[in-house]
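Sequences are here, hints too, so could you generate the full structure?
Residues per chain are reported as follows:
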Amino acid sequence: GQSLEQPSEVTAVEGAIVQINCTYQTSGFYGLSWYQQHDGGAPTFLSYNALDGLEETGRFSSFLSRSDSYGYLLLQELQMKDSASYFCAVSSGGYQKVTFGTGTKLQVIP
Amino acid sequence: GAGVSQTPSNKVTEKGKYVELRCDPISGHTALYWYRQSLGQGPEFLIYFQGTGAADDSGLPNDRFFAVRPEGSVSTLKIQRTERGDSAVYLCASSFEAVVGYTFGSGTRLTVV
Chain A
1 GQSLEQPSEV TAVEGAIVQI NCTYQTSGFY GLSWYQQHDG GAPTFLSYNA
51 LDGLEETGRF SSFLSRSDSY GYLLLQELQM KDSASYFCAV SSGGYQKVTF
101 GTGTKLQVIP
Chain B
1 GAGVSQTPSN KVTEKGKYVE LRCDPISGHT ALYWYRQSLG QGPEFLIYFQ
51 GTGAADDSGL PNDRFFAVRP EGSVSTLKIQ RTERGDSAVY LCASSFEAVV
101 GYTFGSGTRL TVV
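Protein chains in written order, with this note's numbering: chain A, 1 to 110; chain B, 1 to 113.
Simulated from the structure, these hints should not be mistaken for lab results.
Glycine included, every Cβ here is placed at the ideal spot set by N, Cα and C.
A couple of the hints might just be wrong.
[Said to hold, decoys possible] A short, non-exhaustive set of chain B residues, derived as facing chain A with CB atoms under 10 Å:
no.	residue
1	V4
2	Y18
3	A93
4	V99
5	T103
Following this line, the structure appears as structure tokens:
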């Protein structure tokens with residue numbers, strides 16, 4: 001089966017940088033995705049890493065190390081609207097089935 | 001449509017009743033997924049459709065749960081003899097083929113009383 005670990009809560013100051021880590025165990029690994037979910041809202045896809053290294057999309061970057069079964073999401077220039085839950089998710093198996101972690105609740109404070 | 005549409009947005013039902021939850025995916029998306037999310041948890045996989053067929057139903061908790069997608073577009077998740085433990089938000093997502101980057105609907109919040 002698959003298992004993912006990420007911190008349950010993180011608090012950071014507006015304008016700062018925050019890193020949300022994710023470690024995983026799975027067989028047939030294809031890649032690691034990140035999703036954002038505001039309270040009461042739908043999960044929204046942020047990024048996907050299939051290869052080792054850093055992927056940058058605006059203020060958000062995502063990193064993957066396949067050998068360490070580890071990844072992180074980096075959020076820069078934090079804004080109040082970034083307060084949300086962030087889920088890492090592994091794609092594995094024949095059709096790249098996506099399994100989600102339990103999520104990290106990010107609170108951005110002034 | 002422009003996004004994934006799920007109806008109803010909220011459903012309250014009595015224990016033991018039957019419910020149907022509907023998902024209308026993005027037009028042209030061949031892959032459709034159902035997930036279930038309990039409070040404070042990540043989405044939990046239920047079933048995956050590629051076209052009309054259920055390619056993976058390994059996440060359905062038991063035989064009270066069933067899903068169909070008869071024409072390869074709209075899908076219905078059916079729950080028989082509902083139990084209080086079935087209360088959760090049921091999320092539907094779609095994607096083109098099975099590529100990463102799902103688009104989720106806003107979900108149906110099911111409450112069994």
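Hint check:
1. V4: 8 Å, holds
2. Y18: Not OK, violated: Y18 (chain B) not within 10 Å of chain A, min 26 Å.
3. A93: 8 Å, holds
4. V99: 8 Å, holds
5. T103: Cβ of T103 (chain B) sits 7 Å from chain A, so the hint holds.
The earlier numbered hint that this structure contradicts is number 2, and it is the only one.
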